[in-house]
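With the hints as extra help, turn the sequences into a complete structure.
Chains as they are written, first to last, in the working numbering: chain A, 1 to 254; chain B, 1 to 530; chain C, 1 to 318.
Hints in this document: simulated from the structure, not taken from any laboratory.
If you're wondering where the values come from, they're calculated on a predicted model, not measured in any experiment.
Note that CB positions come from ideal geometry on N, CA and C, so glycine has one too.
Hints may be right or wrong, so weigh each one.
[Said to hold, decoys possible] One side of the interface only, derived from the structure: several residues of chain C facing chain B at Cβ under 10 Å:
{"hint": "1", "residue": "Asn-56"}
{"hint": "2", "residue": "Ser-196"}
{"hint": "3", "residue": "Lys-288"}
[Claimed, not checked] Quick list of in silico lysine-lysine cross-link-like pairs, DSS-like style, CA-CA up to 25 Å:
{"hint": "4", "chain 1": "A", "residue 1": "Lys-134", "chain 2": "B", "residue 2": "Lys-422"}
{"hint": "5", "chain 1": "A", "residue 1": "Lys-134", "chain 2": "B", "residue 2": "Lys-85"}
{"hint": "6", "chain 1": "B", "residue 1": "Lys-530", "chain 2": "A", "residue 2": "Lys-134"}
{"hint": "7", "chain 1": "C", "residue 1": "Lys-310", "chain 2": "C", "residue 2": "Lys-62"}
{"hint": "8", "chain 1": "A", "residue 1": "Lys-134", "chain 2": "B", "residue 2": "Lys-522"}
{"hint": "9", "chain 1": "C", "residue 1": "Lys-108", "chain 2": "C", "residue 2": "Lys-288"}
{"hint": "10", "chain 1": "A", "residue 1": "Lys-130", "chain 2": "B", "residue 2": "Lys-522"}
{"hint": "11", "chain 1": "B", "residue 1": "Lys-530", "chain 2": "A", "residue 2": "Lys-102"}
{"hint": "12", "chain 1": "C", "residue 1": "Lys-257", "chain 2": "B", "residue 2": "Lys-304"}
{"hint": "13", "chain 1": "B", "residue 1": "Lys-521", "chain 2": "A", "residue 2": "Lys-131"}
{"hint": "14", "chain 1": "B", "residue 1": "Lys-304", "chain 2": "A", "residue 2": "Lys-130"}
{"hint": "15", "chain 1": "C", "residue 1": "Lys-228", "chain 2": "C", "residue 2": "Lys-108"}
{"hint": "16", "chain 1": "B", "residue 1": "Lys-530", "chain 2": "A", "residue 2": "Lys-130"}
{"hint": "17", "chain 1": "C", "residue 1": "Lys-228", "chain 2": "B", "residue 2": "Lys-304"}
{"hint": "18", "chain 1": "A", "residue 1": "Lys-106", "chain 2": "A", "residue 2": "Lys-134"}
{"hint": "19", "chain 1": "C", "residue 1": "Lys-288", "chain 2": "C", "residue 2": "Lys-37"}
{"hint": "20", "chain 1": "B", "residue 1": "Lys-421", "chain 2": "A", "residue 2": "Lys-134"}
{"hint": "21", "chain 1": "B", "residue 1": "Lys-33", "chain 2": "C", "residue 2": "Lys-310"}
{"hint": "22", "chain 1": "B", "residue 1": "Lys-514", "chain 2": "A", "residue 2": "Lys-131"}
{"hint": "23", "chain 1": "B", "residue 1": "Lys-521", "chain 2": "A", "residue 2": "Lys-112"}
{"hint": "24", "chain 1": "A", "residue 1": "Lys-131", "chain 2": "B", "residue 2": "Lys-522"}
{"hint": "25", "chain 1": "A", "residue 1": "Lys-134", "chain 2": "A", "residue 2": "Lys-112"}
{"hint": "26", "chain 1": "C", "residue 1": "Lys-228", "chain 2": "C", "residue 2": "Lys-37"}
{"hint": "27", "chain 1": "B", "residue 1": "Lys-421", "chain 2": "A", "residue 2": "Lys-131"}
{"hint": "28", "chain 1": "B", "residue 1": "Lys-33", "chain 2": "C", "residue 2": "Lys-228"}
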Amino acid sequence: MEEKLQVSRLIKTYADKTVLNGINFTVHNGEFLSVLGPSGCGKTTLLRILIGIEPFDSGHIQKDGEEISNLPPNARGMGIVFQNYALFPNMSVLQNVMYPLKFQPKLKKNAKSIALDIIEKVGLTEHIGKKPNKLSGGQQQRVAIARTLALSPDIVLFDEPMSALDAANRVALRKEIKEIQAKFGITMIYITHDQEEAFSMSDRVIVMDEGNIVQMDTPYEVYHHPANDYVEQFVTCHLKEKISSIQESVGGVR
Amino acid sequence: MTKSRTLSLSVKLVLTAFFMVTVFLPIISMFSKINWATIGSIVNTATFGQTVFNSLSVTICATIISVITAYLLAFAINHSRIPCKGALSILITLPMLIPSISHGLGLINLFGENGLLTNLLGIPSNLYGFNGILIGSVMYSFPVAFLMLSDAMKYADETIYEAARVLGIPKGSRFFSVTLPYMKRPLISATFAVFTMVFTDYGVPLSIGGRFVTLPVYLYTEVIGLQDFSRGAFIGLLLLIPAIITFLIDLRKKDNEGMGFASKSIRIERNRLRDILLGLFCVLVIGFVLLVLVSFAIMTFIGKYPYDMSFTLRHIQEVMDKGLGEFFSNSLLISILVALIGTVVGYITAYVTARTESRVVSRILHLTSISSLAIPGIVLGLGYVICFSGSFLYGTIFILVLVNIIHFFSSPYMMAHNAMKKLNPNFEDVGKTLCVGRLRLLRDVFIPNTLDTIAEMFGYFFVNSMITISAVAFLYNTRTMPLAILINQLEGDMMFEAAAFVSMIILLSNILAKIVIAGVKKFCKYRLAK
Amino acid sequence: MSLLCVVLLFTGCGGESKDVVIYSSMEDYRNADLSQKLKEKFPDFNVKVQQITTGNNAAKIKAEGANTEADIVLALETASYEQIAEYFVPLEGLQTNNYLPDMDNADKRCFTWEKFEGSFIVNTEVLKGKNLPEPKTYEDLLKPEYKGMIVMSNPKTSGTGYMFLNTWVNSMGEDEAFAYVEKLQANVKQFTESGSGPVKMLVQGEAAIGLGMVFQAAEQINQGAPLKVIQPEGGAPYNTTVFGIIKGKETKENVKKVFEYLNTEYFLFDKENYAPGKVIENQQIKIKNYPADLELADMSTITDMELKQKLLDRWNFS
Chain A
1 MEEKLQVSRL IKTYADKTVL NGINFTVHNG EFLSVLGPSG CGKTTLLRIL
51 IGIEPFDSGH IQKDGEEISN LPPNARGMGI VFQNYALFPN MSVLQNVMYP
101 LKFQPKLKKN AKSIALDIIE KVGLTEHIGK KPNKLSGGQQ QRVAIARTLA
151 LSPDIVLFDE PMSALDAANR VALRKEIKEI QAKFGITMIY ITHDQEEAFS
201 MSDRVIVMDE GNIVQMDTPY EVYHHPANDY VEQFVTCHLK EKISSIQESV
251 GGVR
Chain B
1 MTKSRTLSLS VKLVLTAFFM VTVFLPIISM FSKINWATIG SIVNTATFGQ
51 TVFNSLSVTI CATIISVITA YLLAFAINHS RIPCKGALSI LITLPMLIPS
101 ISHGLGLINL FGENGLLTNL LGIPSNLYGF NGILIGSVMY SFPVAFLMLS
151 DAMKYADETI YEAARVLGIP KGSRFFSVTL PYMKRPLISA TFAVFTMVFT
201 DYGVPLSIGG RFVTLPVYLY TEVIGLQDFS RGAFIGLLLL IPAIITFLID
251 LRKKDNEGMG FASKSIRIER NRLRDILLGL FCVLVIGFVL LVLVSFAIMT
301 FIGKYPYDMS FTLRHIQEVM DKGLGEFFSN SLLISILVAL IGTVVGYITA
351 YVTARTESRV VSRILHLTSI SSLAIPGIVL GLGYVICFSG SFLYGTIFIL
401 VLVNIIHFFS SPYMMAHNAM KKLNPNFEDV GKTLCVGRLR LLRDVFIPNT
451 LDTIAEMFGY FFVNSMITIS AVAFLYNTRT MPLAILINQL EGDMMFEAAA
501 FVSMIILLSN ILAKIVIAGV KKFCKYRLAK
Chain C
1 MSLLCVVLLF TGCGGESKDV VIYSSMEDYR NADLSQKLKE KFPDFNVKVQ
51 QITTGNNAAK IKAEGANTEA DIVLALETAS YEQIAEYFVP LEGLQTNNYL
101 PDMDNADKRC FTWEKFEGSF IVNTEVLKGK NLPEPKTYED LLKPEYKGMI
151 VMSNPKTSGT GYMFLNTWVN SMGEDEAFAY VEKLQANVKQ FTESGSGPVK
201 MLVQGEAAIG LGMVFQAAEQ INQGAPLKVI QPEGGAPYNT TVFGIIKGKE
251 TKENVKKVFE YLNTEYFLFD KENYAPGKVI ENQQIKIKNY PADLELADMS
301 TITDMELKQK LLDRWNFS
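See below:
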């Protein structure tokens, strides 16, 4: 497995607070990597830095061996799907997906056919004329993914894309995202605070806490061999803590 | 700094400089005009004290009545089961389509010594003076308060009332413990807004005040009439005070409250008695408003009430001879230019403050662009005449356009600002990652999704430019005179029938404009939903 | 878009050559008639008759100075004219009408336009309806039963109003005159801005007694209004107005032509039909119901500008 993405000594501070404390990690080509952590741990910032819409203080980001940290967002070959999808409400599915193509001189001519192809691959062909407000949450998410794929990125970043959906939907969509990954052969970096989600989808998981990577390993390893208490509590939904506090209030044996 | 950042920063600085020059500079030059040595002699006279007292007394009374009326109407629309709420809401806002001076004239038509109703009902006419100003000011201001209160009531949350019911709080107490606290802020805002509106208006007291002189009338006669800018500027200073207080209170309120997310819309219980009473009240108020508006039509077409009751087009002819066509086209031109340029500038400013980084500069620009709300129209106009009289702008139609844009800027700007804030915050990021520039996003995403806001902005600028007599009163000349000012002149010459006709023209133009805007909004909604 | 604005900007301040702007302090019906006649006489010119009361007229020109948009000033009260005489151009070489000796101005920067008399004007119907007697003297006006029934124009803005103030000052002395007004104002319903206001309000039935212009009353009587002219004890006050050209504007052809028309044809027409106060020899009076036997009051100080300013500064009623 080649190194698709290499992040070294990434530091970001904001208003006297260290958001990212010298992060290091690599991403393998074609893998599904989740970044797991509570809100405020820096994962969203990390994502935004990776795609290039957030400045950082120091460090390196290399893709396919080349430094990309000074490239603008649209030149990094990466795409991003935001939490609330940010679909253009006034455009149909087809128009949304075609939109970025219209600005690429080489792709302008075939914009429609490229878009239709992607839409078919994500399974939304019968909805191409509909506006986002007529689609379900899951369908909207697929449009957002399709739009991102229009420019053929080889890495797609996801910023908690399921947080707006209910549990039943989420499980179905996890499968779909993995299918899309397989179809398009892309590397995916996926941010979530939901450990079940991260564990069920990922090849590897990064657990973050207050700007640091606490552990990075396969889901199995993280679950069975947590690096420290923090990780253990996090991945078990603080189960031990809850049990002991219940025992305490009920007056049971400690 | 990236290219786009420098661009947005420079746009912001240019806009801020623009507002500094068009809002603050005139006010400062106005103050510099005050000859403080002579002011002492003015303030010490008995009439000055009387004038201040007059202003305060009639404004306070009018504010109380106006806000209560507006509250009852808003309550009727939002919390009762009366029919035709949509139509009623529109009728309630009709008074906003005519100049303030027309309200006074309408009342004279009905209740003057020789008024239509005075003669019909045989009642004594006590109109001129305090009473007339009171009624006229209430009519002029209650629709504004109504809109503010109704807007707040719309977003009230049913779940709080459910909780109150479950907790056994009796209905009467519910009003005091649930409704009133929720409405506290909107009520305060509305009260101060109405107070400032009435306190700084000269149209109603000029037409119907008789011997009862208020501060704005004093300013008007001293400045417009006798060109005494020092005195006028001093009065302008006094008139600024309530306006600034209102502005500051509003500012604090905006900071403190978030967007009211309606979790559940109000469920309205059945209550026949309440509906009948409220319905009656609505009918009375609207009936009164319609009566005044209809009086314009009657006065226009009747020879000389009550001596000559024949139908005539004579008054229309009088006005045509005076140059109605030209003044009307002046007004249309001004209003359309104001609407076009104002909407564009407002939209761009809102985009820049709502959707770009660098908080500090954005905040300054935001404050500067809404600050014109703190300046009453006549004060702004006075500042302009003092500050810009030597410039190339003076005497052209363009200075009228400019002063109106600045005068009416804050509301449309806030409309655009709020609409922009409501849109998905990630659009710019999407643009960055998909290689779509800001300008294209503006064109392809922002504008199409805010079309009804844009239409609303346009309508606001247009209607208000058609009816304004405040800022423009000092800046027009024979060639650029807008139609509303013609009413001033006709009133001064006691040509009441002609004034009625002109008021009617303005009313009809504005109704037409509103219908067109509503049509555009409906069309946009339809397009978006398809 | 911006091009449109630029074009409009210029149309807003352009069109110089065709426009003639007259600041006229005549009453609205006379201005309407003049407008009409000017349109017929000079269809190619765009003559604007801007109606403006005497006080405001002078104030505006004073404030605007040399850049004023006015080309011709018409029917400006003589004392007010003194305030802004410097802005007028000497009317040398222009034919003058045959003025009566005391109507001929030594200052050649303006010509006399009219002389108008004022008087008590009453609405007989309103008086009858309220069972009130007709007033005969200024003292009578102070009677409590006239409360709210009297209308007068404001001397600050109107020449008509000022002439009444002036006649009181002439007959009583300044302090007494102001003491009188202090008492009178309790009965005054309104101090109108324009001189034509009092008669208008009488016609509307909004007041019973007005201190107004005789010729305006005659005009209304001829149209059927129930008005009556009552000469106050001491004689009818009168005032004069002038007309002239603003310095610098006399080079414009249209302005010269319009002024010539005002000075000749329209001058005579106006005196015959609207302003019958005698200013020229052999003046015809065509207006019906104009009292032929008006005695005139002492108006010796009526053209004194300094006195006028002093009195107006002291005037605090509105």
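Sort out which numbered hints this structure fails and list those numbers smallest first. 3, 5, 9, 12, 14, 15, 18, 22, 23, 26 and 28
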